[in-house]
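Below are the chains, spelled out letter by letter.
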Amino acid sequence: MVPAVLRGILAAMRAMTPPDGGTDEDELVRRARDGDRRAFDRLVHLHVPQVWATVWRMLRHREDTEDVVQDVFVTAHRSISGFRGESKFSTWLHRIATTRALNHLERAEEKLRRASTPLEAEEDDRPGATAVGAAALTASGASPLQALEAKELMNHLVECVKLLPVAWRAVLALRDGEGMSYERIAEALRIELGTVRSRLARARTSLKDCVERRAV
Amino acid sequence: MSEFANGHPRDRLSPYLDDELQVDERAAVDRHLALCPACRDELEALHRIAEAFADEPVPAMPDDLEVRVLHRLDLASIAPMRRRGFAVPVSIAATIAAVGLVSVLAWKQGRPILPPHEPELGSTVAPAPAQAPAPEGHDAPPPARAMDKLAESKKNEVALDTPAAPQPAIEPRELAKQQTIGERQDDADAAQERSRALGYVAGGAGDAKDTGAPVLGRDARAKPRAAAKADTGVVGGVAGALVAPACASGMLEASDNGRWSVADLPRALDELQTVLRAVGGRLEAFEPGTAGFATVVIPRERYGEWIRAAKIQGVAGLAETFPAGDGGCVRQRITIVRPNS
Chain A
1 MVPAVLRGIL AAMRAMTPPD GGTDEDELVR RARDGDRRAF DRLVHLHVPQ
51 VWATVWRMLR HREDTEDVVQ DVFVTAHRSI SGFRGESKFS TWLHRIATTR
101 ALNHLERAEE KLRRASTPLE AEEDDRPGAT AVGAAALTAS GASPLQALEA
151 KELMNHLVEC VKLLPVAWRA VLALRDGEGM SYERIAEALR IELGTVRSRL
201 ARARTSLKDC VERRAV
Chain B
1 MSEFANGHPR DRLSPYLDDE LQVDERAAVD RHLALCPACR DELEALHRIA
51 EAFADEPVPA MPDDLEVRVL HRLDLASIAP MRRRGFAVPV SIAATIAAVG
101 LVSVLAWKQG RPILPPHEPE LGSTVAPAPA QAPAPEGHDA PPPARAMDKL
151 AESKKNEVAL DTPAAPQPAI EPRELAKQQT IGERQDDADA AQERSRALGY
201 VAGGAGDAKD TGAPVLGRDA RAKPRAAAKA DTGVVGGVAG ALVAPACASG
251 MLEASDNGRW SVADLPRALD ELQTVLRAVG GRLEAFEPGT AGFATVVIPR
301 ERYGEWIRAA KIQGVAGLAE TFPAGDGGCV RQRITIVRPN S
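Respectively, the protein sequence lines represent chains A and B.
Just so we're aligned: 44 in our numbering is position 44 of the first sequence, and the numbers increase by one with no gaps anywhere.
Just so we're aligned: 7 in our numbering is position 7 of the second sequence, and the numbers increase by one with no gaps anywhere.
So here's chain B without its partners, still in its complex pose:
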């Protein structure tokens, strides 16, 4: 009489294969296998299945996946940072996202966006609205493809900061409490580097056809949906600190206004912001509408760079001539329309 129900230990062959049976169970299966060719065949078949599953090649992990993970952590760093006792985020990317949230609210009310308080670079103090967490799934604006072109045509004057200095050899808990402004800035710079680096990495296809902008893979594809849902506004802020001193000597008005046809407005504004930051400029205002109007301010000595970068992004109607008159900055208006409008 078989020691197994139904005569065969079919439900035990799998754990037998994995050596996960108790000693007496295994002995019983051993005895059965010695006498049952069908069960031996079954065991062999299960073995082939298990091996094939183990041998199945796993697609290579994307080269930039680790950086994207860290970038997501940067954006989500506001809540965890509270554990260290900081009441405000120190990541520049997180600051931009939080200030952008305020801009979203103003934009939805139809008001032109006024430049928010412009924190000095290196400061750990952010405006009050920065308490709000970044919207779920919202990524920092990707650097535009124009960055590549600028690097080729002219040396990028916006220097990337160096990696963080080695940590002092102190107890980690104390380290977290005693982190200096410099080290916090290192963290913020590392976060910004990751944000920039993601723009150098191409992902899937698709959206690039519409705007000519780089695609960052799934994040970029997800981002327009998240941005559209959140009606992402615009942020003037961080680079404003660079422009303000130059503009003190006067503002010139550009005579030629650009025209930009975009399919995805929030994403286009993010890309515009990125280009502006790269040339030391800022987005002064954005008026939404059937035809939106973006007002940009550029340091005069970088106006040529701006024109070249804007053209690469698809802004038409810009002439590479300086406006007449004296002044440290140039104000220019860009009409933003949908394709075929």
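Next comes chain A alone, as it looks inside the complex:
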């Protein structure tokens, strides 16, 4: 339950919206770039839930997510004067969010905390890299994953995601979590379109294989 004082503050902040088109995001971004703090506060209000979801899907740790979300908006505020509007504001914000989350994940402490046998298909672009997978496909029988109840599948999935390489978690979070197109993901992460495609394919295949192993 939101304390009364907090509700009052949030209501007052929403009431601060200027009468001259303050709800239009492009206008808010323009004003925020000019140094209008209230416009930026409004952008925070509009985007904080989405940033929270994206970062959480990558970090899967509540307290770390709270920290990183705050860092994201502080970083965005400091750099918004350099935002040229070549992409959507949300894409730009997602770039900051995924970068901060990736930085967090890549710290040494995170690597030590991860399971000793990380789930990781080789980052290998050679044509033979999928040979094993292809052989498995020719075997008869449906995937054990198909027989799993939704709840059981979810439980296995949650554990398997933690084993994914950080770069793969990012594309999954943006694609399956936020529904972004490959092009927007490439823009947000500043990677090639082909890299988005291959990382997503590997991430999903690895998750599938991990869940199937747990389900057997």
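Partial chain B-side listing against chain A, Cβ under 7 Å, derived:
1. Ser14
2. Pro15
3. Glu20
4. Ala45
5. Leu46
6. Ile49
7. Ala50
8. Phe53
9. Ala54
10. Pro59
11. Met61
12. Glu66
13. Leu70
14. Arg72
15. Leu73
Rather than coming from a laboratory, the hints here were simulated on the basis of the structure.
Glycine included, each C-beta is placed from N, C-alpha and C at the ideal position.
Go by the hints and put chain B onto chain A.
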């Protein structure tokens, strides 16, 4: 002969699922799927994985996260404010943090903290040291739990300011340049409100066991580490303007000195400051040491409030009796020790 290497388009099933294949690629996969049950099963499995990931519930965002974000922006507002042409910060929280930095330096040298220049409320002028940015990660002192108790037992005379007035309908760039002192004060008041409000919101457990103070979640847990690293000093400043006129009619010395056992000194001093501000008092001096000594000054008419709030915070040895004599203020000394010392 298969049109795919190794006979199956395994690397294309994922983009096929997302409708991200080129037209001819998609057609080729369609042809293959019509003939390959294994690939159809694989596609179905990938589909279930993608759906499950999308359906995975995301924990609810903390109710106070947005306010905490804005609070962080308040503290970081010194640098962005320079873009508007202001050479000094207008946020009261930022002013306190900046002046506190000066106090840190004096404290580290072992000197008692003297009250800094006390700006009048509403002024946009801050002391010269305010040019320094707030330490990274440092949050404004959280309001003490005593605030809740004071509100219950007696009406809080430190009125919260009203939210900002609606902005005039002018071009935003001009608005930023022409922001009046009143509007800047509104921004500062909004920042202070957020700072206060955070004290009403409980976060995780842990530190509250030591000091009985409210915990603000991750920020509060992070804050003691940052404060310890920075050897956060104390600030007398802002409320001094409220106390000074009262003290002009004389200073009484309290006969009973309090004793406060704290595990986290910087945090305890922040909480002490918050309580003092709430009752119109100020921290006159702090002498660090194995047993630190804090000297506080309270307006006489609010001495009872101070005693009740201090007791709630855990200060022992205070009697609810006014010192004898005439005087508008009471000076009291509190010995601060570590637990089990």
